[in-house]
Amino acid sequence: MREGARSHVGHLRRLLGLGFGLAVIVGSTIGVGILRTPGLVAGHLLSSPAILVAWVVGGLYTLLGSVCMAELGTMMPQAGGYYVYARRGFGNWVGFAVGWTDWLTYCTVLAYASIGLAEFSGVLLPALAGWVRPIAVVTLLAMVALQWAGLKVSARFQEWTTAVKFLAFLALVVAAFTMGPMSPHGARGLQAPGDAPGLTFTGIILALQAVVIAYGGWQSALYFTEEDRDPARNLPRAMIGGVFSVIAVYLLVNLALLAVLPIPDIAKSTLPGADVAAIIAGDRGKQILTVLSVLSLLPLLNAILMIGTRILFAMGRDKLLPRRAASVNAGGTPDVATVVTTGVAVLLIASGTFQNLIALASVFLAANYCVCCLALVVLRRREPGVARPFRAWGYPWSAAIVVVGAVVFLAGVLVNDTASAVKAIGLLTVGLVGRAVLADRSGKSPG
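Just so we're aligned: the sequence shown equals residues 4 to 450 in the numbering used here.
Derived by calculation from the structure, the hints in this document are not laboratory data.
Here the structure is a predicted model, which means the values were calculated and not measured.
Hints are all accurate, no fakes.
Below are the BS3-like pairs computed for lysine-lysine, each with C-alpha atoms no more than 30 Å apart in a straight line:
(1) K426 with K322
(2) K322 with K155
(3) K289 with K271
Please build the complete structure, drawing on both the sequences and the hints.
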């Protein structure tokens with residue numbers, strides 16, 4: 004019986020390198036958010052120096068988070084990301100809570116992104132407009148087929164689609180500077196005297212929250228360290244290089260928006276990128292932005308599906324889930340985990356319940372990041388002698404800034420959306436009860 008159980012546990016393949024690490028971070032981060040968020044930020048700040056400073060500050064905070072998490076990733080080069088660090092720092096119960104909610108978050112984002120891609124497809128091809136959910140499911144299944152072909156195929160897809168997306172965003176920036184009319188207010192970044200209210204503390208905090216959310220995805224490479232040929236060398240480079248690449252693109256996009264549109268127009272727009280595209284290309288601007296949105300979602304879908312399966316794989320291998328969850332096919336894809344993750348995402352798409360979970364996802368992301376930041380501090384004190392191929396720059400001050408920021412962000416999420424926080428606690432409880440039941444049936448202690 005033991006041999007049979009052991010046969011279900013597979014081994015991930017070490018095929019990935021620096022290129023994939025950069026691609027999965029950039030591909031998971033840069034997307035539709037940067038086309039929408041500048042309007043929210045401008046609405047709170049109404050000054051281009053303040054706007055640009057907010058994006059730089061958010062980027063630097065993200066960079067600090069990336070170097071702190073890179074220490075954990077190189078110290079524990081295992082699949083599973085946040086789950087691995089939470090379990091090592093605080094034990095099985097906290098590890099399971101982080102893994103369960105992290106996986107559920109990625110399932111939700113997977114469904115949300117699939118629907119988004121289907122909706123954009125309907126804009127490009129109006130005949131498809133009434134088939135959003137079927138197209139979303141077919142798109143997701145196509146991604147699963149890509150995964151099933153093996154790690155090498157899905158990794159190459161991630162690298163190429165991310166490269167195309169990166170170049171497409173740069174093309175939009177170049178077009179804005181060379182083909183768009185320069186806005187006198189936007190180009191100088193100054194409001195006419197008396198036109199704009201002064202900065203407020205609340206406005207600054209809300210703007211920074213929006214910016215930090217737009218940088219979400221920077222942690223993606225952490226989930227693949229076990230499949231990296233040299234994680235001690237590649238992970239820090241991917242994390243730091245990936246974040247710097249995102250900062251550069253975000254600043255260029257904002258500069259392009261400010262060059263073409265007056266700040267009040269940016270602040271009023273829900274999609275300022277579309278306004279710039281319309282100015283540059285007229286009626287075809289909407290199509291251009293829709294194509295850019297589709298290009299943004301393809302590498303995101305691929306990365307999210309890969310990440311979700313690695314979380315289940317890690318939990319199955321550690322016996323916090325049935326061991327079959329750690330099964331791996333010949334190509335290096337966690338097959339059972341892929342089927343389960345896909346099945347849940349399809350149910351969320353078909354039922355539309357992913358819409359109810361989107362707000363909860365932000366709660367889980369904030370909470371799990373907070374736990375992992377604290378795990379870094381705990382492990383530094385408890386396990387000082389463990390090899391750390393990469394050490395967080397400026398520790399302990401860098402870790403202190405990251406932890407305080409994570410706590411503040413989590414508090415903001417809880418205060419601003421208490422109802423979602425309560426629902427999130429309910430879903431967490433369901434997962435913990437399920438874990439206890441599984442442990443009881445196997446005759447083992449759940450701890």
